[in-house]
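Chemist: Respectively, the protein sequence lines represent chains A and B. Quick note on our numbering: the first sequence kicks off at 1 and runs consecutively. Quick note on our numbering: the second sequence kicks off at 1 and runs consecutively.
Be careful, since some hints might not be right.
[What the hints assert, rightly or not] Reference listing, derived: stretches of chain B covered by chain A, where coverage requires no fewer than 3 residues with Cβ under 8 angstroms from a Cβ of chain A:
1. 7-20
2. 108-119
3. 124-138
[Unchecked claim] Some chain A residues close to chain B (C-beta under 7 angstroms, calculated; not the full set):
4. S46
5. E54
6. F83
7. K87
8. I97
9. S100
10. E101
[Said to hold, decoys possible] Restraint ranges, calculated between C-beta atoms of paired labels, are given here:
11. B:R138 to A:G119: 22 to 30 angstroms
12. B:R136 to A:D66: 42 to 50 angstroms
13. B:K87 to A:N13: 43 to 51 angstroms
14. B:T74 to A:D66: 17 to 25 angstroms
15. A:E37 to B:R138: 44 to 52 angstroms
Derived by calculation from the structure, the hints in this document are not laboratory data. No residue lacks a Cβ here, since even glycine has one placed at the ideal position from N, Cα and C.
2 protein chains.
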Amino acid sequence: MRKTFLFMDTVLNKVDAKGRVSLPADYRAIVKETGSEIVCYRSLSSPCIEGCLEDLLDKLATQMEDSLDFFSATQDDLTNLVFGDAKRYPFDSTGRIMLSEKLLKHAQITDSAVFVGKGRKFQIWNPENWEKEEKRIREQVLKVRPSLKEVGRES
Amino acid sequence: MRKTFLFMDTVLNKVDAKGRVSLPADYRAIVKETGSEIVCYRSLSSPCIEGCLEDLLDKLATQMEDSLDFFSATQDDLTNLVFGDAKRYPFDSTGRIMLSEKLLKHAQITDSAVFVGKGRKFQIWNPENWEKEEKRIREQVLKVRPSLKEVGRES
DNA sequence: ATCATGTTTATGGTATAACATGGGAAAACA
DNA sequence: TGTTTTCCCATGTTATACCATAAACATGAT
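From just these sequences and the hints, can you work out the full model?
Modeler: Set out below in structure tokens:
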């Protein structure tokens, strides 16, 4: 069981009529090596699916248990929101997960999907939506931090 | 025995004339793997049934013993209510539990019920009531704490 | 570079197992 | 003995596991 792992890269895969899609091989390796499982839920902020290892949500559950008391109203709302939407998505022997209708609809995904690494988490986007989103993010970043234009150039 | 136990997802099941309802398969797996039992009681704050593993109530009892708020009247009353109301709900070979008239009435459940995951706990709602409740939570949470858009992101 | 070869990955199709749910028999209870 | 609860079988549906092929990739030799 390795200590560090990162969901990375951007991978385009097909989604078949049953909603099946191959989890990128690198992601599968992470699941195997950590012994955890993939959990997905609708992103609260974007029209995309978000995924992470179950370990991360378990950590969140423990934090909530410890920081807020058993009868807290805030805890009530939060846990409903987060865990009511999340669900395990195990992959079969060929490496595919089956996305639910709810998730596909939220992300406007029909016949193909883009996996985007985010470190401890990843996102699954409709390809056209992701193209726009990536553009938006790049422009936003350069607006806020013009100095980043120089990043990566050998000078 | 697995490392993490999280009640998740939102699943709609039918309730038959006898008050029987299938416990979601994922929940049953948790019960089997932990060797604990499902305990249900009327929610103190909402018109719904609340459930968890017996282990969790045991933890609550221990917390009350050890608490510096040993004489907190409120905590005391709340725990009394829970333990006075709680009861084991074992499931049969087909995976169904039989909800009592008391619980069904409190949650206004008749012919169908929605299981909502809450991490270490879960809730059982009348479908229409849950629809309203989910809407309320989403609006409430995003209004009060916009930063919660970041829930689940590593901080 | 180009080609050949073996390996991993993606994807379509299908068989199998698991699940939810209706119904009913046996057991417990009053 | 009537009522309730528990247990088990039967069925349609759905999800899962598995097989087969095709595409992508890495590797080494020419």
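Chemist: Now, for every hint given, state plainly whether the structure supports it.
Modeler: Hint by hint, here is what the structure shows:
no.	hint	result
1	7-20	holds (count 4)
2	108-119	holds (count 4)
3	124-138	holds (count 4)
4	S46	violated, 9 angstroms
5	E54	holds, 5 angstroms
6	F83	holds, 4 angstroms
7	K87	holds, 4 angstroms
8	I97	violated, 14 angstroms
9	S100	violated, 9 angstroms
10	E101	violated, 13 angstroms
11	B:R138 to A:G119: 22 to 30 angstroms	holds, 26 angstroms
12	B:R136 to A:D66: 42 to 50 angstroms	violated, 26 angstroms
13	B:K87 to A:N13: 43 to 51 angstroms	holds, 47 angstroms
14	B:T74 to A:D66: 17 to 25 angstroms	holds, 20 angstroms
15	A:E37 to B:R138: 44 to 52 angstroms	violated, 26 angstroms
Comparing the model with each numbered hint stated earlier shows that hints 4, 8, 9, 10, 12, 15 do not hold.
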